[in-house]
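Participant: Here are the chains, one letter per residue:
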Amino acid sequence: MSSSFAIEVRNVFKSFKTVRAVRGVDLTILPGQFVALLGPNGAGKTTLVEMIEGIQKPDRGEIRILGMPWKGHQKELRQIIGLSLQETRYIEKLTAWETLRLFGSFFGLGIERVEEVLQLVGLEEKRKAFTINLSGGQRQRLALGIALINHPRILLLDEPTTGLDPNARREIWEILRDLRKSSDISMILTTHYMEEAQQLCEQIVIIDEGRILREGTLDQLLGEDPSLKNLDDLFTSLTGRWLHD
Amino acid sequence: MIDRIRNNQLGQLTLANILEKVREPGVLFWGIGFPILMAIGLGLAFTRKPEILRYVALIAADTGSYSIILKDDKLGNTTFRLEKMPWEEAMVQLKRGHVNVAVTAEDSGYRYHFDPLNPDAQLTYMKLSPVLNRISPSELQHQPAGSEGERPEYEEDLSATTGVEVDALTVTGTRYIDFLIPGMIAMGVMFSCLWGLGYGIIDTRSKKLLRRMIATPMKRSNYLVAMITVRFGMNVIEAALLFLFAWLAFGITIQGNIPALLVLFLAGNIAFSGIGIFLACHTSKTEIGNAFINVISMPMMVLSGIFFSYHNFPDWAIPIIKPLPLTMLADGIRSIFIEGAGFAQTAVLSLIMTVTGIVFFTVGLKLFKWH
Chain A
1 MSSSFAIEVR NVFKSFKTVR AVRGVDLTIL PGQFVALLGP NGAGKTTLVE MIEGIQKPDR
61 GEIRILGMPW KGHQKELRQI IGLSLQETRY IEKLTAWETL RLFGSFFGLG IERVEEVLQL
121 VGLEEKRKAF TINLSGGQRQ RLALGIALIN HPRILLLDEP TTGLDPNARR EIWEILRDLR
181 KSSDISMILT THYMEEAQQL CEQIVIIDEG RILREGTLDQ LLGEDPSLKN LDDLFTSLTG
241 RWLHD
Chain B
1 MIDRIRNNQL GQLTLANILE KVREPGVLFW GIGFPILMAI GLGLAFTRKP EILRYVALIA
61 ADTGSYSIIL KDDKLGNTTF RLEKMPWEEA MVQLKRGHVN VAVTAEDSGY RYHFDPLNPD
121 AQLTYMKLSP VLNRISPSEL QHQPAGSEGE RPEYEEDLSA TTGVEVDALT VTGTRYIDFL
181 IPGMIAMGVM FSCLWGLGYG IIDTRSKKLL RRMIATPMKR SNYLVAMITV RFGMNVIEAA
241 LLFLFAWLAF GITIQGNIPA LLVLFLAGNI AFSGIGIFLA CHTSKTEIGN AFINVISMPM
301 MVLSGIFFSY HNFPDWAIPI IKPLPLTMLA DGIRSIFIEG AGFAQTAVLS LIMTVTGIVF
361 FTVGLKLFKW H
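Going down the list, the protein sequences come from chains A and B.
The numbering of the first sequence is my numbering, which starts it at 1 and goes up by one.
The numbering of the second sequence is my numbering, which starts it at 1 and goes up by one.
Keep in mind that the hints are not guaranteed to be accurate.
[Said to hold, decoys possible] Using 20 Å as the maximum straight-line C-alpha spacing, the simulated SDA-like pairs for lysine to any residue come out as follows:
1. 285(B) / 211(A)
2. 207(B) / 163(A)
3. 17(A) / 211(A)
Hints listed in this document are in silico derivations from the structure and should not be mistaken for laboratory results.
Bound-form chain B, shown alone:
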């Protein structure tokens, strides 16, 4: 009996699949290390810093800098460092993104130069202009160049501004990292299935190993079941580690129903496994597989709201974006993570993704080229 289990082909296929994955350091890095590094990078880049420092070009013939400090208990302090520079230099600095606003001080007042489509530049302008209105252009122009440590500066305390109450929201779920992590989990499932499953099958076919294996009494279903099972197991581990990291580093929690999340995650795996099998059903050229995967994954990565909300796209595009499998998975995971959703909100998404997966899987299997 034990021998029968140990000599079982599904068991050995599964084991071979696991060994193949864990022995490849690249697989572990791209599957586990890379998403975490990306979360660290993006998480830090977009997490609000308590002290904001903005550089502004002040058009002048001489050099020097002048700091305007806006104290704010709630929003954090903002420092505008006005750096004197000639116009040509200011344009270079604008292009480099070092400054996003240039200011010319004329006797009649200030003139601002910036790209109105750049929200960051607009913000700088809006915060800076009321303060500059209280400083005369001639004062700014004739400030002597201060040495390090004793920079001429102007300070204003906005905390005391009356009439307006600002309540800073620091609730979990409203930060960029809260938006990002569910999307990254969804993206991980997509890439893992398309590369691990789709590309893996094409690679096996290109090595003629698939052809060699089916010349034995190996059951074809066992081969696919082993591939899909191992891939699903790895996806669970990858998602769990990414979540664990996000919980430890950023305090992310799951607000909604965990069984609904597991069902949704499984449905996402079914959808992308089906797509992976479908894209791998015929070709034996890894270059073609590579192109297929990029054609499928790149548009979804951009459109499906992984790194930024898809509501930034024009209204007419939204009905096209919403039914994409990656959008459904990311939206579903996000709603459970940060909106506290449960089965009621995600059941339909899970169902659609499962059906999508089954359809692709069935068609893929019909067209599947084993030789």
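The shape of chain A in the complex, shown without the other chains:
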């Protein structure tokens, strides 16, 4: 059971009918580490994260979280993982408070934790607003609050700031930076924003067409070639395409 890794992904493959989404990925994440999976749309980021979340099963390979595989440990793992999926829409006519209360009840948690989370994600003033009436940024903060409600040890965020304006994006970053300082939570975040990866994560994994192209700290990645100014340049030099294509 015990393992020095928070997350271990070993030689994982996953195909859908016509798409080979993940083609042999190895990845290890240490406790307390924040890791960004950076890649364009369709790179296989979501599939990889969904396999770590236990929503998809790998065709081949092994995934362990805190040393536990999903098989036989679903109950324990669901207790310690917090996640936010892409484009989840919550019950429209439930307030932010009620939504957190509902998700809290899945973990047997009460209103004290709901209050803490509301404060943590800065939604105290929106507690009585129906989720349908929240702005995009507020909705993403609610999703983040739901991900954090169970004091997770592993946080998996799939494009948490896609579609948000720069201000709303920075608000989410602030929350995550505070979290990093105050806890030993491990996080995987998928993004196609270079800046987000740079701002939040010490470890950056560049992924494209279901494979890891490079991984390392920002300095390590850019240090390989003095002509590279940023991760966009690196991605272009690796694939001949732009990150946002």
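Given the coordinates of chain A, work out where chain B should sit on it, guided by the hints.
Facilitator: Using the frame of chain A, we list chain B on its own:
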């Protein structure tokens, strides 16, 4: 202990379900307001009016009208207003349904023009023709156009007709509204389960909320139990309000065994909940859900004898119609409401519907896609 109850996931799921429903005005309207409005509309349209007025086209070159009034103590008075109009105009009025019989007065007698397949037109013809036989065509043709209030008319009192005794039945249970209300209660259960449960699940799946919820330690059974419980509670309220309305407005009562009715109602809910879960087991596209529900509900709505008796369909179709869940539920409720039936007559229906529901539920759950 209290905290454990308040933080209970089944309780919170149920509460969330209730809040979601009561905060949506559309849900309340379609569930409660609409059936009552429909009962009012259909109830009034088909409840016998004491005075019947029928328009008949009298083919003529000029204009004017002539009224024939048949007085009848028991069946109510009938007035035939013969309106003079040219043939072309009469055809237009026939198509519009303003008149259903056109009459030409010839020297030799009257000629009637109507669709023999239209029972209403037949009735007009049958009631009108004996009276017209006593009025000469020339008299009718040469009536001057009367001004409003002093319309030329002919009056006959049928109450005095001897030799035949008619007893008008006004017993509760024989009116159209008595036929209609049990059917509407059954239809309400069907639509509520298919839309509220089936479509509700598909919608949750399409929002990726289902996937998000099962990534927590939420028990999957709790999710379904909460949905079904809330839906059943709403169905009870909807049916009770529709009945309350029918009792106040039309004096409808339950003649048969009430516990048998409750068992039957529960069985109907089980059947349609099972079907709702089954139709929602796989798809995450609300458009497909919409089509599924229409394919399931529309044929039953037409065939199962909700608005008119299914005995109007050909004999060979009856064995196909009778086992439909909506037919069983409507027939069962109707037999308890108006025929005074009890467990003896409805137990088999209840059992079949329960088994139907369990089978669909089990298969649906096996195929259920949570992700």
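Participant: Take the hints in turn and mark each one as holding or not.
Facilitator: Do the hints match the structure? See the list:
1. Restraint check: the Cα-Cα separation between residue 285(B) and residue 211(A) comes to about 31 Å, which exceeds 20 Å; the hinted pair is violated.
2. Between residue 207(B) and residue 163(A), the direct Cα distance comes to roughly 17 Å. Compliance with the 20 Å bound is thereby established for this hinted pair.
3. Between residue 17(A) and residue 211(A), the direct Cα distance comes to roughly 18 Å. Compliance with the 20 Å bound is thereby established for this hinted pair.
The earlier numbered hint that this structure contradicts is number 1, and it is the only one.
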